[in-house]
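Let the sequences and hints guide you as you build the complete structure.
Protein chains in written order, with the working numbering: chain A, 1 to 483; chain B, 1 to 348.
Keep in mind that a hint or two might mislead.
What the hints assert, rightly or not - In silico SDA-like pairs for lysine to any residue, Cα to Cα no more than 25 Å straight-line:
1) K232/B with R204/B
2) K232/B with K462/A
3) K462/A with L442/A
4) K232/B with N262/B
5) K422/A with F34/A
6) K198/B with P94/A
7) K57/A with D306/B
8) K156/B with P306/A
9) K146/A with K273/A
10) K48/A with V28/A
11) K198/B with S67/A
12) K186/B with N258/A
13) K49/A with K273/A
14) K308/A with N172/A
15) K273/A with K221/A
16) K284/A with E120/A
17) K232/B with P94/A
18) K49/A with Y85/B
19) K48/A with S210/B
20) K57/A with K329/B
21) K57/A with S249/B
22) K145/A with E120/A
Stated by the list, open to error - Some but not every residue of chain B turned toward chain A, in silico, with C-beta under 8 Å:
23) I9
24) I24
25) T27
26) I193
27) V220
28) R231
None of these hints come from the bench; they were simulated from the model. Note that beta-carbon positions come from the ideal geometry of N, C-alpha and C, so glycine has one too.
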Amino acid sequence: MQNDLFNISWGDIVFWSVNYFFFFYGLVLMSIYFTGIILANRAIRRTKKRSVFLNVKDIVGATDIPSVTLVAPAYNEGLTIVENVKSLLSIQYPYYDFILVNDGSKDDSLEKLIKEFELEPGDATFITQPIPTASVNYIYKSRNKKYTHLTVIDKNNGGKADALNAGMNFANSELVICTDADCIIEQDALIKMVRPYLEEDDKEIIACGAGIGVVNDSVVKNGVLKELRLPNNLVPMVQVVECIRAFLLGRMAWGEINGLMLVSGAFGMYPLKRVIEVGGFDVKMVGEDLELCVRLRTHMEDLQLPYKVVYLPETLCWTEAPPTYQVLINQRDRWSRGLWETISIHKHLLFNRKYGKMGLIYFPYWVIFEFGAPLVEFLGIIALFVFAVLGLINWPYAILIYSFIYLLGCLFSTAAVFMYVKSFNHYTKPRQVIELLLASYLEPFLYHPVLLYGQMKGYYKKLFKIKSGWGVMTRKGFKISED
Amino acid sequence: MDIAVLILILKVGLLILILLWISISFTMVYRRRRSRKLRLIENTFAEVVSNYLYPDKENPVSLVEIQRLMRKIGIRESRMKNVQYLIALMIRTQRSILGKNHDRLKQLYGQIPPFRASISKVRTYGWYNKACGIREIYEMNQTQYLQEIIPLRNHKNLYVRREAQIALVVFLGWESLRFIPYLKKKVTRWQQIKIVEKLYDLYREPQVESLRKIYGSDRVFAKQLIMRIIRKYGLESEIDYILSHLDHSNYEVREAAIYCLNSFKVTTKIEEIKNFFHRIPVVSQQRQLIDYIFENSQIDLDFYMDLLRTSNDEIKLKAAEILWNSGYKEKVQEFYLQQYSNTGVYAE
Numbered sequence: 001m002q003n004d005l006f007n008i009s010w011g012d013i014v015f016w017s018v019n020y021f022f023f024f025y026g027l028v029l030m031s032i033y034f035t036g037i038i039l040a041n042r043a044i045r046r047t048k049k050r051s052v053f054l055n056v057k058d059i060v061g062a063t064d065i066p067s068v069t070l071v072a073p074a075y076n077e078g079l080t081i082v083e084n085v086k087s088l089l090s091i092q093y094p095y096y097d098f099i100l101v102n103d104g105s106k107d108d109s110l111e112k113l114i115k116e117f118e119l120e121p122g123d124a125t126f127i128t129q130p131i132p133t134a135s136v137n138y139i140y141k142s143r144n145k146k147y148t149h150l151t152v153i154d155k156n157n158g159g160k161a162d163a164l165n166a167g168m169n170f171a172n173s174e175l176v177i178c179t180d181a182d183c184i185i186e187q188d189a190l191i192k193m194v195r196p197y198l199e200e201d202d203k204e205i206i207a208c209g210a211g212i213g214v215v216n217d218s219v220v221k222n223g224v225l226k227e228l229r230l231p232n233n234l235v236p237m238v239q240v241v242e243c244i245r246a247f248l249l250g251r252m253a254w255g256e257i258n259g260l261m262l263v264s265g266a267f268g269m270y271p272l273k274r275v276i277e278v279g280g281f282d283v284k285m286v287g288e289d290l291e292l293c294v295r296l297r298t299h300m301e302d303l304q305l306p307y308k309v310v311y312l313p314e315t316l317c318w319t320e321a322p323p324t325y326q327v328l329i330n331q332r333d334r335w336s337r338g339l340w341e342t343i344s345i346h347k348h349l350l351f352n353r354k355y356g357k358m359g360l361i362y363f364p365y366w367v368i369f370e371f372g373a374p375l376v377e378f379l380g381i382i383a384l385f386v387f388a389v390l391g392l393i394n395w396p397y398a399i400l401i402y403s404f405i406y407l408l409g410c411l412f413s414t415a416a417v418f419m420y421v422k423s424f425n426h427y428t429k430p431r432q433v434i435e436l437l438l439a440s441y442l443e444p445f446l447y448h449p450v451l452l453y454g455q456m457k458g459y460y461k462k463l464f465k466i467k468s469g470w471g472v473m474t475r476k477g478f479k480i481s482e483d
Numbered sequence: 001m002d003i004a005v006l007i008l009i010l011k012v013g014l015l016i017l018i019l020l021w022i023s024i025s026f027t028m029v030y031r032r033r034r035s036r037k038l039r040l041i042e043n044t045f046a047e048v049v050s051n052y053l054y055p056d057k058e059n060p061v062s063l064v065e066i067q068r069l070m071r072k073i074g075i076r077e078s079r080m081k082n083v084q085y086l087i088a089l090m091i092r093t094q095r096s097i098l099g100k101n102h103d104r105l106k107q108l109y110g111q112i113p114p115f116r117a118s119i120s121k122v123r124t125y126g127w128y129n130k131a132c133g134i135r136e137i138y139e140m141n142q143t144q145y146l147q148e149i150i151p152l153r154n155h156k157n158l159y160v161r162r163e164a165q166i167a168l169v170v171f172l173g174w175e176s177l178r179f180i181p182y183l184k185k186k187v188t189r190w191q192q193i194k195i196v197e198k199l200y201d202l203y204r205e206p207q208v209e210s211l212r213k214i215y216g217s218d219r220v221f222a223k224q225l226i227m228r229i230i231r232k233y234g235l236e237s238e239i240d241y242i243l244s245h246l247d248h249s250n251y252e253v254r255e256a257a258i259y260c261l262n263s264f265k266v267t268t269k270i271e272e273i274k275n276f277f278h279r280i281p282v283v284s285q286q287r288q289l290i291d292y293i294f295e296n297s298q299i300d301l302d303f304y305m306d307l308l309r310t311s312n313d314e315i316k317l318k319a320a321e322i323l324w325n326s327g328y329k330e331k332v333q334e335f336y337l338q339q340y341s342n343t344g345v346y347a348e
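What follows is the structure, given as structure tokens:
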């Protein structure tokens, strides 16, 4: 026995250490995912039951529901800007203002808006701006009574976060929703989003998000989603499953234990007071939504006030997902840089008892698994290659292990699709569900490697301090119904 | 781990996957069939209601026929889901029909199933059924069960007690407000709004005396609720109650007071409001009050110049903005130039 121990070589130690590291990392991650299914299921069932008693119709005529401002930045969106603004103006909510921030567009966006909505400029010299932003040139209001709730802010270019900050500076409401100008928002989305703010009594809601759906190849009329279709291409179709997994399972599960660290920048609601207190979005970040949410949570922990970040399972916002591999790579590159920056800025939270569960569980999860997973995966591929070259791999065993991991992935995606089909009426045709399942089963081979490449590209840029901005998000546009 | 064990785990995984596929298929088929069934119930019920409210004089529909028809489409005690759907339809229909037809509809509801289904739910143990039962009772105006609902106003479950409180408002109207100060648990903003809306929907005539009886309550939610009622009914005579809470020590109460004040144009008490301004400890609320003062009074140069000289930058900028946009640009310029000279920028 003792002899055997002495006979173990360093090579063996490295080989088994690496193997066990990957094994336990994967095991913990899978356990978290499957615990997530249980938590999400509980959260969805509870939300469904509660919604019977929180019927928006009960308060839709009320005059003392909180006012909401929707802020949408726009940069060079002249092609679709008028349609997008009309779509966002059609949202049903009694106390609703819409601020569109023209972030120094170089195209004819502003001219088109002025013409279509009969805008006239106002003096922007002395308006209180609690959050510093790039300078504002003019504030436009419409002469047409139909558009009294529309404000267009024309400012010099400062990026998305800066534009959102400018919009929030001019907002005069209790709550503010940040979105993108090209998002399609459900007509009753605001009243549903406001519900948690009104309902909660012990904890302050500092951020609220909802499901975001993929609208590629769907039919849109007058800015309203008329017919939801599955995307024709694999890349956006896999993102449908990805959204279902992320929003319905991931965020609902984390929301259930008040562990949400991210409310998507495409559709997030915040109390204006708190956002101004923390100084708005960080303009230096590319992942400004994640960073703001972490900062808001840290702020509340510092103030020692009870708070909550909530997520609604319903899909209330529809957006176009990256239609090609190249755009997808750019997006994931940006997201991973955003994650890197957020983790660097808030590294003091890691295992910091002062921040309670956020410091001990939620933030470490983001560091170890959200940030760490692409790295571990990348290292795994290298290890596999090295061990294969050295002839250290027992192939029949390895194939079985990989099949098992693939099966777990399929189970997870299938469970997500099942929960979605059970809870919502969006994809009701058998063909759609089969396509979704097939896309999710092909994901590990045709989608995930590209995703990993995008993430690693982002990390590489951060590691070697290669400057990179937002990148270009090429949109294909929706199918516009003519009739 | 042995290869045989791995293969076994794989087989179990595959089995679970197949089970999930079966569940998805079952869910889809069930939903399709259920939707068809619900459509049938809805159409039949719509026909019954229209035949009952606007009967064919030569061939009027009898209650026995209606009951038979209902049973035929699956409205039986053994099929609670169908019954539940019918109740939801009944509530929805009742909400949208007014006047004489509303009374006739109530007669019809008294004769067709599922009478007593709601009170049976209230008597069950689970919170969901209990709360659903209470909701159905007040929505369908079944006053006879009020005594059973009253004790539930302080129930340990949030939704049960909320529905019970709404039931009290529906059945007792302004009189129900007397319960408010004695509620043991907080009343959320949602619930406050719902109470105000129900009261306003069903009892349009304000009974100020009932409201005044609870003015003495020091519960935060009671104060907020009173102010919301004053606002909703536009009770200008009660404006002093709102004013007296502008400088309340609780943030939420002040917030409600400022919010409710915004619904009134109190030009005569502007000086009083200006005095409250300095007693508000939170800048964001001070800003809201400045907006109110600006919108409801003539420009008071001294007041805004004083604000311009305060130490808080937000208030200072707010005052500057108001003065600048009200034709006092030179005052603002003069003030800021003075600031620069004080800091020595232009000195010597």
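- Which numbered hints does this structure break? Hint check: 2, 3, 7, 9, 10, 13, 15, 16, 19, 20, 21 and 27 fail, others pass.
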